[in-house]
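Q: Residues per chain are reported as follows:
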Amino acid sequence: MPALVFAATFMDVNPGLVFWTLVTFIIVAFLLRRLAWGPLLRAVEGREQKITEAIESAKHERAEAEKLLAEQKTAMTQVRQEAAEQLQKAQESIAKFREELMAKSRLDAEAMKAEAARAIEEERQKAVLDMKAQAASLALTIAERLLEERMDDAKQKQLAEWFANELGPRAKA
Amino acid sequence: MKRTAFATALAGVMFSSVAFAAGGESPPEVIMHHVSDSEEYVFEIPWPGIEKNPTLYFHNEVFDFLKWEKEPGACELALPHGSALSVVPSIAKWMNGCYDLRPTKNLMLMWISAALLLLFAAWPRRYKDASKLIPTGLRANMLEAIVLFIRDEIAGKNIGHPEAKRYTPFLCTAFLFILFMNLLGLIPNFGSATGSLAVTCGLAITTFVLTQMASFRSAGTIGFAKHLTGGVPWFLTPIMVPIEIIGLFTKPFALTVRLFANMLAGHMVLFFILSLTFLVTAWAVFAAVPMGVAIYFLEIFVGLIQAYVFTMLSAVFIGQGVAMGHHAAEH
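Each protein sequence line maps, in turn, to chains H and D.
For the first sequence, the numbering used here gives the first residue as 1, with consecutive numbering after it.
For the second sequence, the numbering used here gives the first residue as 1, with consecutive numbering after it.
This is chain H alone, in the form it adopts within the complex (with noise of 0.2 Å):
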């Protein structure tokens, strides 16, 4: 029977050798769970935390980055905006001061001025009232010495008030 003896040499189930089977299956699981897969899995599962962790913190450093970035630039402009404010301040305080600086020389150049030409006026009054008084008592000396030879007193009295009175105008134009 060869074709039973082929069947017989392949298709047997020694019990032994499921016994075996089972035996080297259950060590070698056993002692690659725990010389290999063990820490393999360890050390893989270890780097994925950690390649998510630095993943997260990256972001999460991105994004403090990104919010630093744009205090700084809101602390920027703030801070340029101030200073304009303030040169404009300067500005227009320098400006108002220069303005009132100029109105008020003014003033005291005018006031000056006035009062210059009032005393000038003073003076002037002052020197004619003279310039009157003195032609006046030269024109009288020198009328007296014309009239003493040929006048009297009365006659000498009514020259000279006409004269004072024709040149009194005459003088103050």
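It should be emphasised that the hints constitute simulated quantities derived from the structure, not laboratory data.
Ideal placement from N, C-alpha and C gives every residue a C-beta, glycine not left out.
Treat the hints with care, since some could be wrong.
Interface residues of chain H toward chain D, partial, derived using beta-carbon atoms under 10 Å [to be verified]:
1. L31
2. L41
3. Q91
4. W162
Following the hints, position chain D against chain H.
A: Just chain D now, kept in the frame of chain H:
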């Protein structure tokens, strides 16, 4: 790399041919001998120029203390011709009271694979220092790629979080253990332990146990029992419950047979193509060797695919077990 792989394949084919020539047995006998489990394991190293190749020989007589007889002579069982049990002589022996736990050829191959796997994955571990974030070295990177694929693509998508984490180490071990056993068979003088029904059965039992544990964890005993009724009207339960119970076993059965048949078929095809040289004409070597090389490369692929399929389906079944709790909640 390519050249090395090609040379390996070719060498494998040649060594196998040498084995045929040296054996003096008929090719079908040699093939059956190769794909079957055996009490002895002969590791013959091809050595040109001398009369007899150097040979490592193992016979499991040395482990006779692992054999118990219920009554003397229980192991000298002669099955009558045509008996259904003659297809599974080992089971017949156990039923007769001969409890044989002696390591066989396939167990040797499995242990070699397990040792290689432990050397590959666990020996100088680079993950001792968890603070080292960047994996260095070819092996660490390979392992990480495999483990992450299983975690994300197999466990994550079929089981779902957070339960996936619990089953990832099992799936990783299942995948690599099966892969190593599959690929060991491609090295001349070795064989695939997964080409044996007993081995794939043992592997499927682990998946079965984990699936049931997942179901119990998520649905509880009552939910599990309820699930067996399939939600049909009460008068149909006598039909439904046996069907559901059979259904529990069909999944691991499918896993068992798929892996076994694929590995067995690959080896048989490879050997039959090569033995054309001895069965038909010596000229066939010019066709048989290139075809053998092609099958060899196909077998690398099949070994990988079958390991993946087993892992994938295990994850799917466990995922169904995990999902049972949600179904139970819906009823």
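Q: Give me the numbers of the hints this structure contradicts, sorted from smallest to largest.
A: Checked against the structure, the hints that fail are numbers 3, 4, while the rest are satisfied.
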